[in-house]
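Participant: All chains should be modelled from the sequences, with the hints used to inform the complete structure.
The listed protein sequences correspond, in order, to chains A and B. Residues in the first sequence are numbered from 2 upward in steps of one, following the working numbering. Residues in the second sequence are numbered from 51 upward in steps of one, following the working numbering.
Simulated from the structure, these hints should not be mistaken for laboratory data. This structure is a prediction, so every number in the text was calculated from the model and none was measured. Ideal placement from N, C-alpha and C gives every residue a C-beta, glycine not left out. Keep in mind that the hints are not guaranteed to be accurate.
Quick look at which bits of chain B chain A covers, simulated, 3 or more residues with Cβ under 8 Å [what the hints assert, rightly or not]: (1) 55–66; (2) 178–190; (3) 214–221; (4) 280–287.
With a straight-line cut-off of 20 Å between C-alpha atoms, the simulated EDC-like cross-links for lysine to aspartate or glutamate are [said to hold, decoys possible]: (5) B:Lys307 with A:Glu315; (6) A:Lys277 with B:Glu85; (7) A:Lys277 with B:Glu283; (8) A:Lys277 with B:Glu236; (9) A:Lys245 with B:Glu236; (10) B:Lys307 with A:Glu213; (11) B:Lys307 with A:Asp280; (12) B:Lys307 with A:Glu200; (13) B:Lys307 with A:Asp225; (14) A:Lys245 with B:Glu281; (15) B:Lys307 with A:Asp298.
Using C-beta positions, here's what the derived DEER-type ranges look like [unchecked claim]: (16) A:Glu157 with B:Asp137: 35 to 45 Å; (17) B:Glu273 with A:Gln271: 23 to 33 Å; (18) A:Val191 with B:Glu223: 20 to 30 Å; (19) B:Glu281 with A:Gln271: 20 to 30 Å; (20) A:Asp17 with B:Glu281: 18 to 28 Å.
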Amino acid sequence: MTVLAITEHRRGDVRDVSYELVTAGRELADDLGTDLELAVIGGDVEGFADDVNRDGVDTIYTVDEGEEFNHGVYTQAIEQLATEVEPTALLMPNSVNGLDYAPAVAEGLDLPLVTDVVDFETNGNLEVTREQYGGKVETTYDIDADDYALTIRPAEWPKAEAAGDAAIEAFDADIDESALGTTVNGFEEVGGGDVDITEADVLVSIGRGIDEEENLPLVEELADTLGATLSSSRPIVDNGWLPKNRQVGQSGKVVTPDVYIAIGISGAVQHVAGMKGADTIVAINTDPNAPIYDIADYGIVDDLFDVVPELIEEFGGEAPDL
Amino acid sequence: MKILVTVKEVAEVDDEFQISGLDIDEGSLEYDLNEWDDYAVEEAVQISEENDDVEVVTVTIGPERAEETVRMALAKGADRALRVWDDSLENAQFLDVESKADILAAVVEEEDPDFVLTGVQAGDDANGATGVALADRIGFEWAAVVNALDIEAGVASVHRELEGGIEELTDVELPSVLTIQTGINEPRYASLRGIRQAQRKPLDVHTLDDLGLDDSVVESPVERTSMYEPESEGDATLWEGSAEETAGELATFLRDKGVVEG
Ligand SMILES: Cc1cc2nc3c(=O)[nH]c(=O)nc-3n(C[C@H](O)[C@H](O)[C@H](O)COP(=O)(O)OP(=O)(O)OC[C@H]3O[C@@H](n4cnc5c(N)ncnc54)[C@H](O)[C@@H]3O)c2cc1C
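Facilitator: Right under this line is the structure:
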């Protein structure tokens, strides 16, 4: 019995979620009265193992296969390692790469899988908490199984900081290269361009609540009036209404302005990942249950088409006719 | 070439809602085609328009109500649809990732597609796992969170959208399951003509039995035990009053903060 957590790295750096997995994994291992073991797969495994050697980790397995993430290598290596160490709980990150291998690993090992877990508790069985319906409700699930796989929501547990003295063991995975059906050819950075929203002190950020492209001049006028920069949630960019470099969030930009005015944005976890570091967050949203209010400092529960024109006029501007 | 697209009718929750038992009350829900699946359907239809002899088949697991959603996919250009449903699915508390993968795997076996497109996740339960679990189950290759796709000579060249504005460029051997991210294309609106045509396109209903499965596929060691409105972790100050008043409060705040002068 053990807890096995799979770390993540990209382009030479251990990603934050790995340190969060140490915290979550240690918590679960304590509840279960067992060890916490980590796996580091690919890249500079020795260096990465040193990085993730934090207090509370008992053993770190290094699997020296490949440079960057390849889901075939991960899937094979984790299945072999899990077969050897027989973890009660297999913890993986609910990151984009986690989405690309965790379900396959769970299938391969025939483990029940619960994704995007935000909390757990042991009560004989394991009870996990997750969010549903865009974060409007929380649900708990009881896992009645000896062994299970979970993916852990990034940024939900604090990063483990204190140094540890885990045993580091090389694990020889037997990777069947002929079974690798994907080849990673490289990376591309996207979203450069005219404006750098990460530099802005004040962001007026618009979401799907704006409804139609024809309504954008309203928030453009507000941004102008305030001397702020316009940013947005993902659907606005998906629709082609604003360029990619304006997108705030997990797959967009991480911003840290003094003031972030979120207008018609629900506050989905992938959006929040990009803006929760703002000094002051103001939300304008018709839905008092929108998750954005969990992190907002100030809020107006009202229709943006009523509030924004008033705000523009407060500062002597003129709201456009829509 | 045959492309199978999995689609799901997802529930959207009204601003005011009630929870009854372990789920949101029906009266507080509206249903729509899952946002991510809309992009997957569009991608398949575009491939069929650019190539000869491509058939686009959609499959959904869902009650009769879901046919409205499926017809929408047909109206946008899919050729035919399958819906899987029966009493044991109706009575299941919910379907976990494994159950869905089992059912969809049986459909893949029957349809024998060249590749499968799914959405990255469903907007309601947001598991984000069905596509990759299915791929493993049926022995297909896969790629998750695809936001660019080019298919040539048995290989799908894709971009996988990673965190922080970085994309991974990957070649995936076919047959494969690709989970499609929003923004990969511009989903079309269903035209009136499309909607009329959709009424005449085949929409077959399969029971588990038809697929050679029995009700053990809905059994799961995972059981939902509660649903509740999370206590707001936030302590937001909510300004109240007319739009003029609340805008005035916000304006005062922005002046005090020094965001705007005067
Ligand atoms: C892998 C992955 C990566 C992602 N990356 C990102 C990312 O980087 N950034 C991102 O933003 N999203 C990202 N998403 C998408 C994310 O899950 C949400 O779909 C998205 O953030 C929702 O955007 P929204 O809040 O604008 O829209 P919605 O969730 O539709 O919210 C619209 C809000 O507007 C309110 N509203 C409607 N009308 C009005 C009105 N008249 N006045 C006031 N309020 C109104 C509604 O009450 C609602 O709360 C990602 C998803 C995945 C799966």
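Participant: Give a verdict on every hint.
Facilitator: A quick look at each hint next to the structure:
By the rule of at least three residues with a Cβ nearer than 8 Å to a Cβ of chain A, the coverage given for the segment 55–66 of chain B holds, with 4 such residues. For the segment 178–190 of chain B, the proposed coverage by chain A is satisfied: 9 residues have a C-beta within less than 8 Å of a C-beta in that chain, meeting the threshold of three. Counting residues of the segment 214–221 of chain B whose CB lies closer than 8 Å to any CB of chain A gives 8, so the stated coverage by that chain holds, three being the minimum. Closer than 8 Å: that is the beta-carbon criterion, and the segment 280–287 of chain B has 6 residues meeting it against chain A, so the requirement of 3 holds.
Restraint check for Lys307 of chain B and Glu315 of chain A: satisfied, since their Cα atoms lie roughly 15 Å apart, inside the 20 Å limit. A hinted pair counts as satisfied when its Cα atoms are at most 20 Å apart, and Lys277 of chain A with Glu85 of chain B does not qualify at roughly 25 Å. The hinted pair formed by Lys277 of chain A and Glu283 of chain B meets the criterion: a straight-line CA distance of about 13 Å does not exceed 20 Å. For the proposed pair Lys277 of chain A and Glu236 of chain B, the alpha carbon gap of about 29 Å is over 20 Å, so the pair is violated.
Among the hinted pairs, Lys245 of chain A with Glu236 of chain B is consistent with the structure: their alpha-carbon atoms are about 15 Å apart, no more than 20 Å. Annotation: proposed proximity of Lys307 of chain B to Glu213 of chain A is violated, straight-line Cα distance about 31 Å (limit 20 Å). Only pairs whose Cα atoms come within 20 Å are accepted, and Lys307 of chain B paired with Asp280 of chain A is accepted, the gap being roughly 11 Å. Annotation: proposed proximity of Lys307 of chain B to Glu200 of chain A holds, straight-line Cα distance about 18 Å (limit 20 Å).
Between Lys307 of chain B and Asp225 of chain A, the direct Cα distance comes to roughly 17 Å. Compliance with the 20 Å bound is thereby established for this hinted pair. Proposed proximity of Lys245 of chain A and Glu281 of chain B is contradicted: the alpha carbons are some 34 Å apart, above 20 Å. At most 20 Å may separate the alpha-carbon atoms for a hinted pair to count; Lys307 of chain B and Asp298 of chain A meet this at roughly 13 Å. In this structure the hint that Glu157 of chain A and Asp137 of chain B lie 35 to 45 Å apart at CB holds, the actual value being about 38 Å.
For the pair Glu273 of chain B and Gln271 of chain A, the supplied restraint of 23 to 33 Å holds, since their beta-carbon distance comes to about 28 Å. Between Val191 of chain A and Glu223 of chain B the Cβ separation comes to about 25 Å, which falls inside the hinted range of 20 to 30 Å. Distance hint for Glu281 of chain B and Gln271 of chain A: a CB-CB separation of about 22 Å, consistent with the stated range 20 to 30 Å. Look at Asp17 of chain A against Glu281 of chain B: about 27 Å separates their beta carbons, and that is inside 18 to 28 Å.
Consistency with the previously given hints fails for numbers 6, 8, 10 and 14, ordered from lowest to highest.
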